[in-house]
Amino acid sequence: MHQFYAMALGYLLGSIPFGLILTNLFGNGNLRQIGSGNIGATNVLRTGNKGLAAATLLLDGAKGFLGVWLAQRWLPGAAPLAALGAVLGHCFPVWLRFRGGKGVATAMGVSLALAWPIGLVYAGTWLAMLVLTRISSLSGMTAALACPLTAYLLGRIDLVPVLGAIALLVLFLHRANIGRLRSGTEPRVGSKA
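Per the working numbering, the very first residue in the sequence shown carries number 360; after that it's consecutive.
To be clear, the hints were calculated from the coordinates, so they are not data collected in a lab.
Even for Gly, the Cβ is constructed at its ideal location relative to N, Cα and C.
Hints are supplied without guarantee of correctness; some may be wrong.
[To be verified] Pairwise CB distance ranges, derived in the manner of DEER restraints:
id, residue 1, residue 2, range
1, Arg541, Ala487, 30 to 40 Å
2, Leu479, Pro520, 31 to 41 Å
3, Gly538, Gly436, 34 to 44 Å
4, Leu491, Gln362, 30 to 40 Å
5, Phe457, Pro520, 16 to 26 Å
6, Phe363, Leu491, 39 to 49 Å
7, Leu540, Trp454, 22 to 32 Å
8, Leu527, Leu479, 20 to 30 Å
9, Tyr364, Val548, 30 to 40 Å
10, Leu512, Leu491, 19 to 29 Å
11, Pro476, Gly386, 39 to 49 Å
Let's have the full structure, built from the sequences with the hints guiding it.
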C-alpha cells in the first residue's frame, strides 16, 4: 500500500503546472499558445520573461524533490515510486488532459532527493551541456541519461530501475527534438524558435 500512496503523492505534487500558473498570474499570455505549447521552463522562456522561466525551473524541480522527501519520511522504502509519480504527474497532469511538460526539471528534483550526489551530477551535466551547446533539449536528455549510469557507478543499484525509467520517458517525450537535432534544426536558447 505504501507504494500506491507514494506514487499518488508524487503524481499529485508533480502535476502542479507551475509554468502555466506563473504565466497566467503575471499576464504573460496563455502558455499553451506560445512556442511549443509546453508547460516547462524552456517554453516559459519564450514569453521573454527570464525571471518566470527561472522560477518555473526551480518550482518544477522543487515539487519533485518534495514528493520524494515526503515519501522518505512517511512511506519508508517507497521513495523511488514517489519519484516516478512526480515525473509522470508533470508530464501527464490529469488537470491538463494529460498534456504537460517533458520532465527535465522535475527529474532533477527527484534525483537530488533520492541521492544528492546523483542530483548534483544531473544538475552539473545539464548546466555544462547548456553552456556548451545552448540546446535545452540536448542538455535535458543528456542529464537524464547520466542519472542511471551515475547511480550504477555509485553502487546505488536500487535506484537504477526508476532513474532508467525516467530517462527513457524523458527521451520519449523529446522524440520530436531528437528529429530536429538530427536535421540540425533544433533551436538554441536565446535564438528565435
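Do the hints match the structure? See the list:
no.	hint	in the structure
1	Arg541 / Ala487: 30 to 40 Å	violated (22 Å)
2	Leu479 / Pro520: 31 to 41 Å	violated (21 Å)
3	Gly538 / Gly436: 34 to 44 Å	holds (39 Å)
4	Leu491 / Gln362: 30 to 40 Å	holds (39 Å)
5	Phe457 / Pro520: 16 to 26 Å	holds (24 Å)
6	Phe363 / Leu491: 39 to 49 Å	holds (41 Å)
7	Leu540 / Trp454: 22 to 32 Å	holds (31 Å)
8	Leu527 / Leu479: 20 to 30 Å	holds (22 Å)
9	Tyr364 / Val548: 30 to 40 Å	holds (38 Å)
10	Leu512 / Leu491: 19 to 29 Å	holds (22 Å)
11	Pro476 / Gly386: 39 to 49 Å	holds (40 Å)
When held up to the earlier numbered hints, the structure conflicts with 1 and 2 and fits the remainder.
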